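Chain by chain, the residues run as shown.
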Amino acid sequence: EAAVTQSPRNKVTVTGGNVTLSCRQTNSHNYMYWYRQDTGHGLRLIHYSYGAGNLQIGDVPDGYKATRTTQEDFFLLLELASPSQTSLYFCASSDMGGLEQYFGPGTRLTVL
Amino acid sequence: GDSVTQTEGLVTLTEGLPVMLNCTYQSTYSPFLFWYVQHLNEAPKLLLKSFTDNKRPEHQGFHATLHKSSSSFHLQKSSAQLSDSALYYCALSDHQGGRALIFGTGTTVSVSP
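Chains as they are written, first to last, in this note's numbering: chain D, 98 to 209; chain U, -7 to 105.
Since the hints were made in silico from the structure, they are not lab data. Just so it is clear, the structure is predicted and the values come from calculations on it, not from any experiment. Using N, Cα and C, we set each Cβ at its ideal position, and we do this for glycine too. Hints are supplied without guarantee of correctness; some may be wrong.
[Stated by the list, open to error] Derived DEER-like restraints, expressed as beta-carbon distance ranges:
# : chain 1 : residue 1 : chain 2 : residue 2 : range
1 : U       : Glu7      : D       : Asp170    : 38 to 46 Å
2 : D       : Gly113    : U       : Ser71     : 48 to 56 Å
3 : U       : Ser104    : D       : Val109    : 30 to 38 Å
[Claimed, not checked] Sample of chain D residues lacking proximity to chain U, with all beta carbon distances greater than 10 Å (derived):
# : residue
4 : Asn124
5 : Leu177
6 : Ser181
7 : Thr207
Here chain U stands alone, though its shape is the one from the complex:
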């Protein structure tokens, strides 16, 4: 079945350094991919999503590129901010059957001064 893998459980880094969170997937179809962010004591909310027109999605300085050849949708930011400390989920939708998104296990990012 379809699945999403996030290999890092915790990423710690210093403010100003680049961030990259890994996301790989398995899907029978050609899926949409999403990144959700959840700050402490808040609900998850959409950060960005893949598009079909090959434009690279960007939001709040984050960007991700869907690479079908490697089944990946890694999240990147050139310079981390303290406010980026949060839990990040990668998720996929295969558009089939109208079911829910499939979420990875999440990566916690901790940014220190």
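In isolation and in its complexed conformation, chain D is listed as follows:
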């Protein structure tokens, strides 16, 4: 089974703060994804990537940047955090796009 890890698991910051969420997968998957999960909205795709150096825009990208530095590592950056970005963030990976995804444990972000 795919192994996806995320750090930190919990993060509290203030409005305007700078936050980086990290994700690593160790199963040589090509695709990696960032989602946010909010009650009533389900899982919403922020950004995704199909390889190192590649970035694709998802459905709710405003206020977020992402970077895929290696096949294993995918980062989500919030450069000016706002309270509306308080959420549970999941990273996921898959061998091919559109196939089953393996999720990390999530990062709970609170922006005060």
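With the hints as your guide, set chain U onto chain D.
Just chain U now, kept in the frame of chain D:
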């Protein structure tokens, strides 16, 4: 564009009763459909997925049938267990362009004794 609709936000039922969660979709192509389950404080994980050989996927007592005529992939179980209490997502993939899965808004199932 492609979309997935889950009409029930919350389903409450008593242990031992049957469960059915609705999922309908819109897609330009002939998609794969998935059900993911997320227990409290855990990550979503795959429960089952549609196949192209018309076999009905089953896992942990759950099953779902892809009906292309009605664009549906409802999730069913004949007898709910307390451990089935969780958040369930329906998702689709259209195999095109290598993009991510498209998820519905999810249905929370609460099973009581």
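**OP:** Would you list, in rising numerical order, the hints stated earlier that this structure does not obey?
**Re:** Hints that this structure does not satisfy do not exist here, as all of them hold.
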